[in-house]
Amino acid sequence: MTSLVILDLGYGNTRSVALAFERLGRQPILTSDPAVAASAEHLVMPGVGAASSAMTRFRETGLDEILRHRTAPTLGICLGMQLLFEESEEDGGTSLLALLPGTVAALEPVPSAPVPNMGWCALSDVQPGLGVAEDEHFCFAHSFACPDGPYTAARAIHGNTAFPALVRAGPLWGAQFHPERSSAAGARFLSAFLAS
Amino acid sequence: MPAARIIPCLDVANGRVVKGVRFRDHRDMGDIVDHALRYRDEGADELVFYDIEASADGRSLDPRWVERVAEVIDIPFSVAGGIANVATARGALSAGADKISVNSPALARPPLIAELAAAFGRQCVVVGIDSLRESDGRLAVKQLTGRPEATRDSGRGTLEWAREAVALGAGEIVLNCMDRDGVRQGYDLEQLKALVAAVDVPVVVSGGAGAPADFAAAFRAGASGALAASVFHEQRIAVPELKAFLAREGLEVRR
Chain S
582 MTSLVILDLG YGNTRSVALA FERLGRQPIL TSDPAVAASA EHLVMPGVGA
632 ASSAMTRFRE TGLDEILRHR TAPTLGICLG MQLLFEESEE DGGTSLLALL
682 PGTVAALEPV PSAPVPNMGW CALSDVQPGL GVAEDEHFCF AHSFACPDGP
732 YTAARAIHGN TAFPALVRAG PLWGAQFHPE RSSAAGARFL SAFLAS
Chain B
104 MPAARIIPCL DVANGRVVKG VRFRDHRDMG DIVDHALRYR DEGADELVFY
154 DIEASADGRS LDPRWVERVA EVIDIPFSVA GGIANVATAR GALSAGADKI
204 SVNSPALARP PLIAELAAAF GRQCVVVGID SLRESDGRLA VKQLTGRPEA
254 TRDSGRGTLE WAREAVALGA GEIVLNCMDR DGVRQGYDLE QLKALVAAVD
304 VPVVVSGGAG APADFAAAFR AGASGALAAS VFHEQRIAVP ELKAFLAREG
354 LEVRR
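Protein sequence lines, in the order shown, are assigned to chains S and B. Residue 721 in my numbering sits at position 140 of the first sequence; the count goes up by one each step and never skips. Residue 248 in my numbering sits at position 145 of the second sequence; the count goes up by one each step and never skips.
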């Protein structure tokens, strides 16, 4: 069995992500060691917290450079997906990893679409090969959304605005939803990632 | 708007589920993991665990039962009761909870909400509000409702406190309409609508569910989630049938 590594930078939900993989019969390695992350067959970046503090940790540890040179499957979850882009409006403007183009923007609350966007949203425009079906519900909890673009692999709707629920760019996978909290649908998505 | 969220609430004491009467001499209803799994299997969209002992005794929430739930559950869950500082909240979130819910400690010291939001992000921070409609129609926030003899008026109005909590960093409000609690005559839709209009974060309504139509009415009134305890625990309403009913009513539900 190949190595599955979860970046553990002290975010709250690292344990939930690890447990989701354990339920799939895997034993993930939790680490903040850049060398271990660099050699991982499958690398996962969970993300709960703020973009600026996450990027500070990435730069301090050299993980930003590791991620720029990844050629093996790498999955960013929620904030971990947002970090793949160029910059974020969060915290008054934050430079991100810039592996994908565009700016992560704040969701606008409108009547019938509160922010944070919290709960189970159906996916649309789903690309094949991701273990995800059209109209399947996944669990979201976020106040910022990634820019739509050529790497969008599935969308969800907030108010009248579609935003990327999944991105895929070669070895890079990003999920705005929380697969570890998306029940059987989330488990199928994580299995598809592990099979990549 | 995401799918209508059905949220069973379980009262916990010593890592066991107890009958939903929030004072002493509670009845043991079984192991917390068994209940959590059953609701997950039935299609509950989220769970809330309320540590009634920690809340009533002023003790910190025990993260050990949170860990046991997190090991088996693959839907979001929040924990409430006995969270009065960032360290306790961190313990609960690190143990695997997705959200922490604060009520009386936030009334006692409102900056707690800002501290939690700064530490974990507002999507992790829920503020529970126990609201009582007074005889003059005023909506009043009560505190220390875990023990009837200790319950007192906070001196705050419900809508004003909700707005302040959101301004401080609350990412979700749970509105518990106390005068409807356990009565099973439906949620207080007027109060719910007023709160939904007052804040731009998700609102979960609690207190009063008696029939599937009560849930449909709450979602039409703008609730993001509907929380209930006794109708689920006493199996008066089963989650699968409830979700099928809501779907027939034209509401989006997760299948």
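Treat the hints as calculated values from the structure; they're not laboratory data. All C-beta atoms, glycine included, are put in the ideal place defined by N, C-alpha and C. Treat the hints with care, as some may be off.
[Claimed, not checked] The calculated lysine to any residue pairs, modelled on SDA-like cross-linking and capped at a C-alpha distance of 25 Å, are: (1) B/Lys296 to S/Ser620; (2) B/Lys122 to B/Leu140; (3) B/Lys296 to S/Asp716; (4) B/Lys296 to S/Ser705; (5) B/Lys122 to B/Glu355; (6) B/Lys296 to S/Gly740; (7) B/Lys296 to S/Leu711; (8) B/Lys296 to S/Ile738; (9) B/Lys296 to S/Gly674; (10) B/Lys122 to B/Val189; (11) B/Lys245 to B/Asp160; (12) B/Lys296 to S/Asn741.
[As the list claims (entries may be wrong)] Partial list, derived from the structure: chain B residues whose beta carbon lies under 7 Å from chain S: (13) Ala106; (14) Asp148; (15) Gly224; (16) Arg236; (17) Glu237; (18) Gly240.
Verification of the hints:
{"no.": "1", "hint": "B/Lys296 to S/Ser620", "in the structure": "53 Å, violated"}
{"no.": "2", "hint": "B/Lys122 to B/Leu140", "in the structure": "18 Å, holds"}
{"no.": "3", "hint": "B/Lys296 to S/Asp716", "in the structure": "29 Å, violated"}
{"no.": "4", "hint": "B/Lys296 to S/Ser705", "in the structure": "30 Å, violated"}
{"no.": "5", "hint": "B/Lys122 to B/Glu355", "in the structure": "31 Å, violated"}
{"no.": "6", "hint": "B/Lys296 to S/Gly740", "in the structure": "18 Å, holds"}
{"no.": "7", "hint": "B/Lys296 to S/Leu711", "in the structure": "39 Å, violated"}
{"no.": "8", "hint": "B/Lys296 to S/Ile738", "in the structure": "23 Å, holds"}
{"no.": "9", "hint": "B/Lys296 to S/Gly674", "in the structure": "35 Å, violated"}
{"no.": "10", "hint": "B/Lys122 to B/Val189", "in the structure": "29 Å, violated"}
{"no.": "11", "hint": "B/Lys245 to B/Asp160", "in the structure": "17 Å, holds"}
{"no.": "12", "hint": "B/Lys296 to S/Asn741", "in the structure": "21 Å, holds"}
{"no.": "13", "hint": "Ala106", "in the structure": "4 Å, holds"}
{"no.": "14", "hint": "Asp148", "in the structure": "6 Å, holds"}
{"no.": "15", "hint": "Gly224", "in the structure": "6 Å, holds"}
{"no.": "16", "hint": "Arg236", "in the structure": "24 Å, violated"}
{"no.": "17", "hint": "Glu237", "in the structure": "27 Å, violated"}
{"no.": "18", "hint": "Gly240", "in the structure": "25 Å, violated"}
The structure is inconsistent with the numbered hints 1, 3, 4, 5, 7, 9, 10, 16, 17, 18, although it conforms to all the rest.
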